[in-house]
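> Listed below, chain by chain, are the residues.
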Amino acid sequence: MKALKILRSKPWLHDSEVAVAAPQYAGPDTAAAGRIALRFFLLVVSVLFFLFIITFLSRSQYPDFEALAGAPWQPFTDPSRLWFNTGLLAFSSLAMQLGLAGAHRGKLNIVVAGISAAAFFAVMFLVAQLDLWLHLQSMGFYVGGNPANSYFYLLTAVHGLHLMGGLMVLSNVVFRVWYDDELSSLSSPLQLCTTYWHFLLVIWLVVFALLTSRPETINALAAMCGF
Amino acid sequence: MQHVAIADQIDEMHDPQSFVTKYIWSQDHKVIAIQYSLTAIFVGLVALVLSGLMRLQLGFPDTFDFIDPTAYLQFVTMHGMIMVIYLLTALLLGGFGNYMIPLMIGARDMVFPYLNMLSYWMYLLSVLVLLSSFFAPGGPTGAGWTLYPPQAILQGTPGYDWGIILMLASLAIFIIAFTMGGLNYVTTVLQARTHGMTLMRMPLTIWGIFTATILGLLAFPALLVSAIMMMLDKVLGTSFFMPALVSLGESLDYTGGSPVLFQHLFWFFGHPEVYIVALPAFGMVSDVLATHARKNIFGYRMMVWAIVAIGGLSFIVWAHHMYVSGMHPAFGFFFATTTLIIAIPTAIKVYNWVLTLWQGNIHLTVPMLFAIGFIFTFTHGGLTGLFLGNVVIDLPLSDTYFVVAHFHMVMGVSPVMVLFAAIYHWYPLISGRMFNVTLGKAHFWFTFLGTYAIYLPMHYLGFLGVPRRYFAMGSTDFIPESAQSLNASITISALIVGVSQLLFLYNIFWSLRHGKQAGHNPWGATSLEWQTPDVPPHHGNWGAELPRVYRWAYDYSVPGAEHDFIPQNHPVTDTEGTAGDHGESEK
Numbered sequence: 001m002k003a004l005k006i007l008r009s010k011p012w013l014h015d016s017e018v019a020v021a022a023p024q025y026a027g028p029d030t031a032a033a034g035r036i037a038l039r040f041f042l043l044v045v046s047v048l049f050f051l052f053i054i055t056f057l058s059r060s061q062y063p064d065f066e067a068l069a070g071a072p073w074q075p076f077t078d079p080s081r082l083w084f085n086t087g088l089l090a091f092s093s094l095a096m097q098l099g100l101a102g103a104h105r106g107k108l109n110i111v112v113a114g115i116s117a118a119a120f121f122a123v124m125f126l127v128a129q130l131d132l133w134l135h136l137q138s139m140g141f142y143v144g145g146n147p148a149n150s151y152f153y154l155l156t157a158v159h160g161l162h163l164m165g166g167l168m169v170l171s172n173v174v175f176r177v178w179y180d181d182e183l184s185s186l187s188s189p190l191q192l193c194t195t196y197w198h199f200l201l202v203i204w205l206v207v208f209a210l211l212t213s214r215p216e217t218i219n220a221l222a223a224m225c226g227f
Numbered sequence: 228m229q230h231v232a233i234a235d236q237i238d239e240m241h242d243p244q245s246f247v248t249k250y251i252w253s254q255d256h257k258v259i260a261i262q263y264s265l266t267a268i269f270v271g272l273v274a275l276v277l278s279g280l281m282r283l284q285l286g287f288p289d290t291f292d293f294i295d296p297t298a299y300l301q302f303v304t305m306h307g308m309i310m311v312i313y314l315l316t317a318l319l320l321g322g323f324g325n326y327m328i329p330l331m332i333g334a335r336d337m338v339f340p341y342l343n344m345l346s347y348w349m350y351l352l353s354v355l356v357l358l359s360s361f362f363a364p365g366g367p368t369g370a371g372w373t374l375y376p377p378q379a380i381l382q383g384t385p386g387y388d389w390g391i392i393l394m395l396a397s398l399a400i401f402i403i404a405f406t407m408g409g410l411n412y413v414t415t416v417l418q419a420r421t422h423g424m425t426l427m428r429m430p431l432t433i434w435g436i437f438t439a440t441i442l443g444l445l446a447f448p449a450l451l452v453s454a455i456m457m458m459l460d461k462v463l464g465t466s467f468f469m470p471a472l473v474s475l476g477e478s479l480d481y482t483g484g485s486p487v488l489f490q491h492l493f494w495f496f497g498h499p500e501v502y503i504v505a506l507p508a509f510g511m512v513s514d515v516l517a518t519h520a521r522k523n524i525f526g527y528r529m530m531v532w533a534i535v536a537i538g539g540l541s542f543i544v545w546a547h548h549m550y551v552s553g554m555h556p557a558f559g560f561f562f563a564t565t566t567l568i569i570a571i572p573t574a575i576k577v578y579n580w581v582l583t584l585w586q587g588n589i590h591l592t593v594p595m596l597f598a599i600g601f602i603f604t605f606t607h608g609g610l611t612g613l614f615l616g617n618v619v620i621d622l623p624l625s626d627t628y629f630v631v632a633h634f635h636m637v638m639g640v641s642p643v644m645v646l647f648a649a650i651y652h653w654y655p656l657i658s659g660r661m662f663n664v665t666l667g668k669a670h671f672w673f674t675f676l677g678t679y680a681i682y683l684p685m686h687y688l689g690f691l692g693v694p695r696r697y698f699a700m701g702s703t704d705f706i707p708e709s710a711q712s713l714n715a716s717i718t719i720s721a722l723i724v725g726v727s728q729l730l731f732l733y734n735i736f737w738s739l740r741h742g743k744q745a746g747h748n749p750w751g752a753t754s755l756e757w758q759t760p761d762v763p764p765h766h767g768n769w770g771a772e773l774p775r776v777y778r779w780a781y782d783y784s785v786p787g788a789e790h791d792f793i794p795q796n797h798p799v800t801d802t803e804g805t806a807g808d809h810g811e812s813e814k
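Protein sequences appear in the order of chains L and V.
The opening residue of the first sequence carries number 1 in my numbering; numbering runs sequentially from there.
The opening residue of the second sequence carries number 228 in my numbering; numbering runs sequentially from there.
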């Protein structure tokens with residue numbers, strides 16, 4: 001427990017080790033700073049989705065809630081469209097990983113191919129999600145019709161917005177690399193983007209599982225949370 | 228791979244020349260801090276005027292035609308929201324967090340200066356969106372600062388149409404701004420500390436800001452979630468929070484949503500928010516007390532532990548704001564217990580502040596007066612919190628002025644006292660000049676005695692059962708007429724305190740030009756921010772070389788030292804470690 005050890009130290013005692021001359025400290029390591037900031041950001045986004053999901057479970061216990069899966073007339077009883085969209089996002093994640101591997105080995109063509117494919121599949125995912133919205137609308141599942149519908153639109157929208165933010169950051173990274181023409185400066189920001197991509201895939205899988213759950217599953221989860 | 232941080236590159240990006248890059252689109256943490264502070268103080272003054280208007284109505288009902296029930300509710304709502312979020316949070320974290328973190332830990336800037344700049348401009352946008360609701364059709368929302376549904380978005384509540392939408396949008400923008408800033412503060416503290424600055428050598432100011440920022444990062448998402456969902460209820464007709472109801476004789480389209488769900492979300496943010504404001508204040512007041520009492524802070528480790536413990540506990544007490552909404556008795560018992568447990572680390576802090584003063588060499592400077600004033604107001608407000616934490620005492624008192632008195636003492640006046648202490652304490656560093664001491668002392672006495680004249684009688688009004696939130700009392704049998712005279716006296720005190728803040732503003736702006744040169748480290752403080760080569764610190768803070776830290780931030784009144792203090796960047800001498808070490812006696 002490093003944290004406990006730190007908290008137990010006695011700063012008023014003079015520690016001779018620190019007084020010994022050490023190499024001049026040049027300033028913070030930005031790559032490490034990026035990693036720390038990303039971890040905290042992922043924590044913030046996790047809390048955001050956690051809270052949405054908690055309210056979902058709580059709201060599901062009110063009588064007007066009709067889950068989107070379970071009965072034959074519900075749209076996600078057959079989740080094949082969602083699986084297709086999930087595949088797009090998974091391909092995007094995979095392509096990011098490929099691009100990152102290219103950056104580590106200094107292969108520019110692999111980096112370009114990976115990032116382009118990742119961006120392509122990510123955009124395709126967003127388009128497919130939008131198409132899913134229109135599909136649900138055409139089936140009469142409007143946003144205000146039922147809390148389950150509302151949560152479907154809400155969670156997919158918030159997830160999509162996070163992916164769009166990721167695309168903006170990725171394009172900024174690409175632009176900077178183009179401008180610097182220095183492949184080695186790419187690998188650490190690309191690492192952060194890749195982590196973020198995988199994280200969004202995981203979040204999507206959780207949201208997917210929740211939205212396609214049958215009423216019994218949702219009720220069991222809600223009961224576990226005490227609702 | 229070792230990168231050179233942006234702040235450490237002495238290149239074109241970090242040598243701003245023109246007025247615009249230096250003061251407007253600045254990436255320098257000190258300029259951003261001042262931008263944050265000035266914006267926050269500006270909206271704070273708007274909120275102060277709103278409270279004055281509220282008090283006019285309460286003290287002298289039926290006298291002012293322009294204050295009708297609608298306007299009154301709007302004043303209450305905007306006053307509360309602005310003070311808590313747009314003034315206190317922004318000034319403590321955006322203002323002091325930005326200014327102090329890099330200077331106190333020996334960094335040249337935040338680790339992400341561009342993000343930092345973006346954070347300020349998003350904050351300004353949120354303030355503008357909020358203020359624009361004053362000019363929207365129907366005016367700002369009058370739903371109370373807690374914005375409880377269903378009434379917040381229903382016809383009959385002031386600003387149910389535009390005001391509430393602008394409020395929710397503004398909050399969402401603020402949260403984005405805070406997240407940008409918050410990620411920066413946390414990462415900077417963890418990653419950019421200079422050589423020798425271990426976590427336990429950080430001044431308590433940084434511990435307070437650091438912990439509060441983590442609380443903010445974890446708590447603000449709850450407000451974002453509730454704002455988004457209420458916005459959808461309002462705009463798209465969803466029923467997250469809105470129950471099936473009949474409004475003005477008309478059955479609405481909402482189906483069985485849960486207003487209590489909103490309350491849970493809101494207070495899951497709302498209670499940590501109290502400590503987001505309080506912890507930086509705790510930290511700053513510790514440093515002010517130690518410096519002006521020329522004594523090391525009593526129980527430094529315990530102070531750090533208490534900050535961390537309070538931060539952790541603040542997430543499991545939220546429902547004590549909801550006793551009157553009704554809950555399972557077991558939950559009431561649980562939340563009452565956790566609430567009372569928070570009193571332990573908090574009391575440790577109060578005792579340690581008092582024990583820091585004990586046998587210290589107390590200098591009653593203006594910052595010290597405000598810091599000691601804080602110990603009074605905070606103890607006072609904290610003790611009434613112990614009353615209200617109990618379910619059976621809270622139920623009858625919850626909707627009365629007792630609660631108004633409690634939270635204004637504990638999270639209104641107390642953080643503001645620390646903010647004044649901090650502004651006066653660091654003014655010589657920020658501006659390079661000394662403020663006028665006489666004006667500062669006058670400001671202290673008006674503010675300190677004035678707040679007691681305002682809030683002490685409110686406790687009695689609360690015991691009498693005078694309800695809060697009401698525009699006018701009407702003829703109520705159980706409230707004696709003398710309550711109205713008390714109300715009038717509170718209003719007069721409030722107006723005097725409000726006007727006396729002009730002393731502060733005048734002092735701050737007058738001294739910018741006319742104050743005498745403060746010189747280097749006028750208070751004889753040990754922490755790093757006072758050890759910069761230039762006062763006020765220049766861009767990059769430290770000149771050619773970063774400082775090196777050899778000791779903690781509280782080496783005051785050291786026996787045998789040349790002055791009565793030793794700055795953190797002074798090496799330990801051979802004699803110090805062995806004989807007569809003041810620290811040894813504390814082991």
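It should be emphasised that the hints constitute simulated quantities derived from the structure, not laboratory data.
Beta carbons: idealized from backbone N, C-alpha and C, even for Gly.
Treat the hints loosely; a few may be bogus.
[Stated by the list, open to error] Just a few of them, taken from the derived set where beta-carbon distance is under 8 Å, the chain V residues facing chain L:
(1) A396
(2) I400
(3) I403
(4) T406
(5) A419
(6) S474
(7) S478
[To be verified] In silico SDA-like cross-links for lysine to any residue, where the CA-CA straight-line distance does not exceed 20 Å:
(8) K10(L) x W532(V)
(9) K461(V) x V158(L)
(10) K10(L) x G526(V)
> Determine for every hint whether it applies to the structure shown.
How the hints compare with the structure:
no., hint, verdict
1, A396, "violated, 15 Å"
2, I400, "violated, 14 Å"
3, I403, "violated, 10 Å"
4, T406, "holds, 6 Å"
5, A419, "holds, 4 Å"
6, S474, "violated, 16 Å"
7, S478, "violated, 15 Å"
8, K10(L) x W532(V), "holds, 13 Å"
9, K461(V) x V158(L), "holds, 18 Å"
10, K10(L) x G526(V), "holds, 10 Å"
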